[in-house]
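Top line first, the protein sequences correspond to chains A and B.
For the first sequence, my numbering begins at 70 and goes up steadily by one.
For the second sequence, my numbering begins at 115 and goes up steadily by one.
Simulated from the structure, these hints should not be mistaken for laboratory data.
In this text, all values refer to a predicted model and were calculated from it rather than measured experimentally.
Positions of the beta carbon are idealized from the N, C-alpha and C atoms, including for glycine.
Possibly wrong hints are sitting among the right ones.
Chain B stretches covered by chain A per the calculated footprint, using a threshold of three residues with CB under 8 Å from any CB of chain A [what the hints assert, rightly or not]: (1) 188-194; (2) 231-239; (3) 271-282.
To give an idea of the chain B side of the interface with chain A (calculated C-beta under 7 Å), a few residues [to be verified]: (4) 184; (5) 198; (6) 202; (7) 206.
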Amino acid sequence: MRNVWIICQKELRSYFVSPVAYILLIMFGLIFGYFFWNALGAFVFESIQSQMSGRSFPMNLNEWIIRPLLSNLTVVNLFFIPLITMRLFAEEKRTGTIELLATSPVRDIEIILGKWLAAVLLYACLLLFTAVNFAFLFKYGNPDWKPLLVGYLGVFLLAGALLAIGTFISSLTKNQIIAGAVTFGVCLLLYVFGWVSGYETAAWARVLSYLSVATHIESFEKGVLDSKDAIFYVTVIFLGLFLTARSMESLRWRS
Amino acid sequence: MIKVTQLTKRYARTTAVDQISFEVAKGQIVGFLGPNGAGKTTTMRMLTCFLPPTSGTATVAGFDVLEQPLEVKRRIGYLPETPPIYPEMSTYEYLQFVGKLKGLSGADLSKRVDYACARCAIADMKSKLLGKLSKGYRQRVGLAQAIIHNPDVLILDEPTAGLDPKQINETRDLIKDLAGEHTIILSTHILPEVEQTCEQVVIINKGKLVATDSVRNLQARARGAESVLVEVAGRTGAFEPSMVMQKLERVAGVSRVLCKQQVDTRAVFEVESSKGSFVRGDVARAIVESGWDLNELRPAAMSLEEVFLQLTGTEAVTQPETPVEVQA
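All chains, please: the whole structure from these sequences, using the hints.
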């Protein structure tokens, strides 16, 4: 456990010593801020409309702002997760520092966990940025905080799963660009696999749709904590890290 | 300390290391010698548990590299060919990180970091970013990293590659200095390095073990005969190398004379003599008395180089980019 933390600290350091972390934070903040502003604008417009037409239109902050924003957040993830994970192993393999880690008295799995944990923590910083926006909702309105919390948990689990996949892909190559591009492609595919369920009900379509990371986020976005979906993400995390361990081992046998 | 038996590493198409066996006793400095691509790095990587052997075994301090890699890694300090440094870290942070990784903590850690810095003469560079250090300093940081946890065994892969002659000497001195406390294996393709720093030498070529012996024995093996190089110049315009050769061949004890090169009125001869007979004085006298000038007389370098060439049967041992030894 100590070794995991040592590796994690080192990774966090290299994120925050270089401009990488700050640029990701700024871009993420800008993008999410824009989404938030838009959602808020639409909400205000709709509520004025409904007042003028005299309809009693039940406007709910959770329904109108938080839910669509969380859903947007999962899409933004697709772009940011490859940027976070692409360097994790690829860079060490290119510069040869992987040799230092692999010949130190630490287990492969400790190296992998440390790196993944650092990526998760950096992602948590990004999420913290979005919380600044939501804080305004709580100041000027009174949305329900429980669904928001569940939604955050879902987004966090989803990100953890995609980060594990990204970590695995980064361990396959020396080239960061390749790692990033492949991670983006895989994440996007996993995201849109769910679309087939719209027109097809055969077994393969249901399997494909089940594999989609987007299918399992819906319950969280509604504020429903479904253990089935949580277990899905945890399983993907385990799978990703397990594959990374296998890939590190094969690196030793092949290189 | 290190025992390697029938160690083999096979890749899909090639055999990088083919059934190598050797032993290293505690406290020895062993030179691991071979042309580029001979399998030195692969062997070292197997010893450091970076690569698993295809067959055969290797043990370090009694621990098998496959069975108990963590125990082996704890006892090994390893400097790969390119120092494994993170450019965005400062020297101090880097050594702290490596120290922690090797299991040090607390007061022990800072003591060892200070010790390694002092030992490798990088104390002034503590707060500098590694990315900004020169090649020589990076190499030293790499060495500091290898000794930080006071390992029993140091494995250094071409520790002097790419350094300038002054740095090479400093690094060699440092390695010799460290020999007291650690068992050292260093790989190189530069022969004088082995002669200067190592006691024992393991020569491999194309993955196969060619020779393993002490440096002294290997030199003696090659020195069946002794030879000196003589540069002779004619005083007047007339100068016939064949005349010089005849003259030299008549000196007592000389067994063979070769004309190595001739420029205008100067020529270099290699004079071979049987072992133990000191012919240099007679050779010099013979030349001067015949009215020629003796420009130079020095022992021909009967070094590991010849042994190496004999054993490996390769011509291009020293690569063009290898630093040429500055003759003192």
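Against the structure, the hints come out as follows:
Counting residues of the stretch 188-194 of chain B whose CB lies closer than 8 Å to any CB of chain A gives 4, which reaches the minimum of 3, so the coverage claim holds. Three residues within the 8 Å Cβ limit are the bar, and the stretch 231-239 of chain B against chain A gives 0, so the coverage statement is violated. Look at the stretch 271-282 of chain B against chain A: 0 of its residues bring a Cβ nearer than 8 Å to a Cβ of that chain, fewer than three, so the hint is violated. Using the Cβ-Cβ criterion of 7 Å, the hint placing residue 184/B at the interface with chain A is satisfied: the shortest such distance is roughly 5 Å.
Restraint check, residue 198/B versus chain A: the minimum CB separation of about 4 Å is within 7 Å; hint holds. For residue 202/B, the interface hint holds, the least distance from its beta-carbon to any beta-carbon of chain A being 5 Å, beneath 7 Å. Evaluation of the residue 206/B hint against chain A yields a violated restraint, the C-beta minimum of about 13 Å exceeding 7 Å.
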